[in-house]
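S.K.: As you go down the protein sequences, you meet chains X and B in turn.
Position one of the first sequence corresponds to residue 635 (my numbering), numbered consecutively onward.
Position one of the second sequence corresponds to residue 635 (my numbering), numbered consecutively onward.
It is possible that part of the hints are untrue.
Copies of the same chain are indistinguishable here, so a pair counts whether it falls within one copy or spans any two.
[Stated by the list, open to error] List time: in silico SDA-like cross-link candidates among lysine to any residue, alpha-carbon distance up to 25 Å:
1) Lys841 / Gly811
2) Lys841 / Asp786
3) Lys841 / Glu671
4) Lys841 / Ala775
5) Lys841 / Arg813
6) Lys841 / Pro852
7) Lys841 / Ala655
8) Lys841 / Asp762
9) Lys717 / Arg668
None of these hints come from the bench; they were simulated from the model.
As the structure is a computational prediction, the values presented were derived from the model and not from experiment.
Protein chains: 2
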Amino acid sequence: MTILGASGALGLGLALRLGQAGVDVVVGSRDPERGRETARRLAERVPAASFEGDGNGPAAERSEMVLVCVPFRNQSETYTNLKEHLREGQIVVDATVPLAAAVSGRATRMVGVWQGSAAQQAAEMVPDGVRVVSALHTVSASTLADLDAPLDEDVLVCGDRRADKRAVAALIARVPGLRPVDCGRLEQARIAESLTALLIGVNARYKTHAGVRLTGLPDELWPER
Amino acid sequence: MTILGASGALGLGLALRLGQAGVDVVVGSRDPERGRETARRLAERVPAASFEGDGNGPAAERSEMVLVCVPFRNQSETYTNLKEHLREGQIVVDATVPLAAAVSGRATRMVGVWQGSAAQQAAEMVPDGVRVVSALHTVSASTLADLDAPLDEDVLVCGDRRADKRAVAALIARVPGLRPVDCGRLEQARIAESLTALLIGVNARYKTHAGVRLTGLPDELWPER
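Hey, can you work out the whole structure from these sequences and the hints?
M.R.: Structural data, given as structure tokens:
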């Protein structure tokens with residue numbers, strides 16, 4: 635799979651954990667050399683894993699699933715530049731959170747996105763036939779990057795096609811301690827995204843890296859049907 | 635304490651659990667006779683508890699803490715009618731969720747509230763010196779009302795004064811299985827409120843009554859300082 639924005643904190647942490655879980659990871663950066671450098675840094679942390687680096691466009695072409703972990707400030711530009719690289723049938727996992735920090739506001743506040751959420755903005759910008767799933771906003775980048783820290787939290791997954799969500803869930807579930815939960819259509823992503831702003835406040839208040847868990851769920855969250 | 639809207643599902647469930655925890659509960663309804671009838675029904679379920687019923691206004695006058703559990707459709711009217719009954723120093727706990735169901739939309743969607751959240755609308759409408767805390771949106775009414783069902787979830791508490799939040803947290807913590815968490819200023823209530831819409835979708839999908847838990851928090855969530 636491919637991770638764009640892997641030199642950022644969330645992308646780096648996810649690349650480490652997925653690599654550790656045995657997933658071959660291609661990391662993309664605007665600057666191809668920076669992508670390759672990120673891959674080298676990742677390989678030093680998890681030598682047994684396969685990391686390759688490239689520019690965003692070529693990196694996106696190399697996988698059926700592309701995880702976009704860029705700051706909201708760069709989200710629109712990133713998708714514009716991806717238009718000629720994405721192809722029908724690919725799944726884009728968008729983890730963008732429209733924090734007000736993108737416009738010099740507080741990280742505990744959101745900016746309003748006309749489409750309803752960053753994920754819906756992504757869905758509007760990808761080429762026809764590329765499917766967008768929203769996930770992984772609420773997982774702490776610091777906890778991911780600390781490979782000795784146990785994970786024990788849920789990942790809220792939103793999207794309009796159940797098969798796509800299931801494919802993303804299967805990937806997420808390879809990371810021990812992360813439990814993907816089907817949280818409905820892509821339009822629900824605005825709620826999952828905003829929860830990140832609330833957690834950022836909780837983290838500051840309690841000096842921690844909080845995650846989210848939904849209680850009362852059945853054991854089988856992704857039944858075949 | 636007083637609960638307004640206690641003949642509704644959430645209010646009834648909270649009244650039962652708080653009564654069972656030894657809290658004296660006054661329940662209010664628009665019709666005083668209906669309030670008294672609700673108190674009688676509650677007393678049949680938890681005979682050891684103290685329940686009294688009245689009209690919303692007189693019921694609100696009787697406690698330092700007033701929990702408002704009305705549907706969003708009735709929220710504004712409720713606060714308008716409370717203006718002459720609330721007094722400086724009281725704490726109002728607002729549990730309203732602006733679900734789109736209030737305007738014949740889906741319960742998994744929200745309507746936009748000009749002030750930002752139902753809690754902020756409440757804060758705008760109460761008399762000067764009455765403090766509003768937002769809490770208890772995400773707790774399942776059905777689980778609360780089933781006194782044999784164990785609770786095991788967090789209550790997201792938002793408000794602008796820490797002392798008020800702590801007072802509300804102390805009340806919530808009397809119910810076994812509910813853990814109040816300080817989730818920031820009242821403006822963060824929009825996130826806690828919207829989480830309810832997400833949980834409603836999760837409940838339908840997984841045929842359950844989900845709650846929320848924040849992971850990674852310290853043991854002491856309400857330190858004196």
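S.K.: If a hint holds in the structure, say so; if it does not, say that too.
M.R.: Each hint, compared with the structure:
In the homo-oligomer, the alpha carbons of Lys841 and Gly811 lie at most 25 Å apart both inside one protomer (21 Å) and across protomers (24 Å), since each shortest distance falls under that limit. For the homomeric pair Lys841 and Asp786, the shortest alpha-carbon distances inside one copy (18 Å) and between copies (23 Å) are both at most 25 Å. For a Cα distance limit of 25 Å, the shortest separation of Lys841 from Glu671 qualifies neither inside one copy, at 32 Å, nor across copies, at 47 Å. Only within a single protomer do Lys841 and Ala775 lie at most 25 Å apart by alpha-carbon distance; the minimum there is 15 Å, versus 32 Å between protomers.
Both within a single protomer and between protomers do Lys841 and Arg813 lie at most 25 Å apart by alpha-carbon distance, with minima of 24 Å and 18 Å respectively. With identical chains, the CA atoms of Lys841 and Pro852 are at most 25 Å apart between copies only, with a shortest distance of 9 Å across copies and 31 Å within one. Taking the shortest alpha-carbon separations for Lys841 and Ala655, neither the intra-copy value of 28 Å nor the inter-copy value of 31 Å comes in at or below 25 Å. Neither within a single protomer nor between protomers do Lys841 and Asp762 lie at most 25 Å apart by alpha-carbon distance, with minima of 43 Å and 34 Å respectively.
In this homomeric assembly, Lys717 and Arg668 come within 25 Å of each other (Cα to Cα) only inside a single copy, at 21 Å, whereas the closest approach across copies is 61 Å.
Of the numbered hints given earlier, the model fails hints 3, 7 and 8; all others are met.
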